[in-house]
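Chemist: Numbering (UniProt numbering), first residue to last: 1 to 75.
Incorrect hints may appear among the rest.
Unchecked claim - Derived DSS-like pairs (lysine-lysine); straight-line CA-CA distance at most 27 angstroms:
#1 14 / 35
#2 17 / 35
#3 35 / 16
#4 55 / 17
#5 14 / 43
#6 43 / 16
#7 43 / 55
Claimed, not checked - Ranges between beta-carbon positions, derived for each pair:
#8 28 / 53: 20 to 28 angstroms
#9 56 / 19: 20 to 28 angstroms
#10 9 / 30: 22 to 30 angstroms
Keep in mind the hints are simulated off the structure, nothing from the lab. Note that the Cβ used here is the ideal one computed from N, Cα and C, for glycine as well.
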Amino acid sequence: MPVITLEITPLTMKQKKELVEQISDIAARITDIPKSGFYVYIKENSTENIGVGGKLVNELAPHNALKILEIQREK
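Whenever a hint applies, use it, and build me the whole structure from the sequences.
Modeler: Printed below as a string of structure tokens:
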């Protein structure tokens, strides 16, 4: 039972469905394990629970907070 865990800022239900589907498809293709065998856990973290550079993201200027979250998602 392969497990994939994602930690991310809150998503819509539509985004979660697409993310789980695509990640499962890719993992199954790469590993030759059936898609049905994968468990995907999504742990959502609000910006008040994320710190960057010694500050909570929700305390940063809104444009800086979004920029930091975009950079994190690209990694």
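Chemist: Of the hints given before, which are not true for this structure?
Modeler: Checked against the structure, the hints that fail are numbers 4, 8, while the rest are satisfied.
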